[in-house]
Amino acid sequence: AQSVTQLDSHVSVSEGTPVLLRCNYSSSYSPSLFWYVQHPNKGLQLLLKYTSAATLVKGINGFEAEFKKSETSFHLTKPSAHMSDAAEYFCVVIDRSGGSNYKLTFGKGTLLTVNP
Amino acid sequence: SQTIHQWPATLVQPVGSPLSLECTVEGTSNPNLYWYRQAAGRGLQLLFYSVGIGQISSEVPQNLSASRPQDRQFILSSKKLLLSDSGFYLCARGDRGTYEQYFGPGTRLTVT
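As you go down the protein sequences, you meet chains A and B in turn. 1 is the number of the first residue of the first sequence in my numbering; add one for each residue after it. 1001 is the number of the first residue of the second sequence in my numbering; add one for each residue after it.
Just some of the chain A residues that point at chain B, by a computed CB distance under 10 Å:
1. S32
2. T105
3. G107
Everything labelled a hint here was simulated from the structure, so no lab data went into it. As the structure is a computational prediction, the values presented were derived from the model and not from experiment. All residues carry an ideal CB built from backbone N, CA and C; glycine is no exception.
Please model the entire structure based on the sequences and the hints provided.
Following this line, the structure appears as C-alpha cells:
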C-alpha cells in the first residue's frame, strides 16, 4: 500500500526567502511521485514529477524536488518565494499495483503563506 | 488539449435534494476519469474512477453514484443530499502512460 505524509500543515515564509515543503512516502513499488499546487477555489496544477529518472526534478515556477530513496523523502523547494506562490501544495504517490487502473494517493496538503 | 470542463461552478442545495454534477474532457479518447471530493482541512478523497464507458469503481461507500454515459463525460449524482456532502468536487483525467492527472476547475457544493 502507498501512503504520503506531509510533515507541515502550514508553512509561512517571507517574500524572497527559501521555501521548503516536506514530504515522506511509503510505497511497495518503485514509486512515482508528484507535487501539485492548488490556488484558492481552483483545480490542481501539476508542479513536477519523479518517475525513476533523475533524482533532482525541476518543475514550473522555479520549484524543484529531490527524490531520496534512503530517506523515503520528496521535499519541495524554491530558492526565493514570491507572493504568487501562496497556495496549498499536495505531495502525491502513484499506486501502480492496478496497472493501467492506477490511483493517486494524496497527502493532506501544506498551506504556504508568503508574507511581504 | 487536456481541458476539463465542470459545471456548475457553484451550487447551493437543500438537504434531501438530488444532485447532478457534470464533467467533460477534451483530448485523447478513452481516458481514465476520476471524481474527488475536497472537504475543508481533509485533503482530497477519491470517490470514483472509470477506465471506460459504463465502467465505474467506487472507493468510498456513500450516497453518491457516478456514471460514464459517453467516453469523455463523467457524471456524479445523488438522489438525496446530506449535509456531509458539502465540499469542493474535482474531476480529473489520467494519462495511462505518464500517470499524470489533470484536474478541472471544480464545483463548490454547499448543502444547507
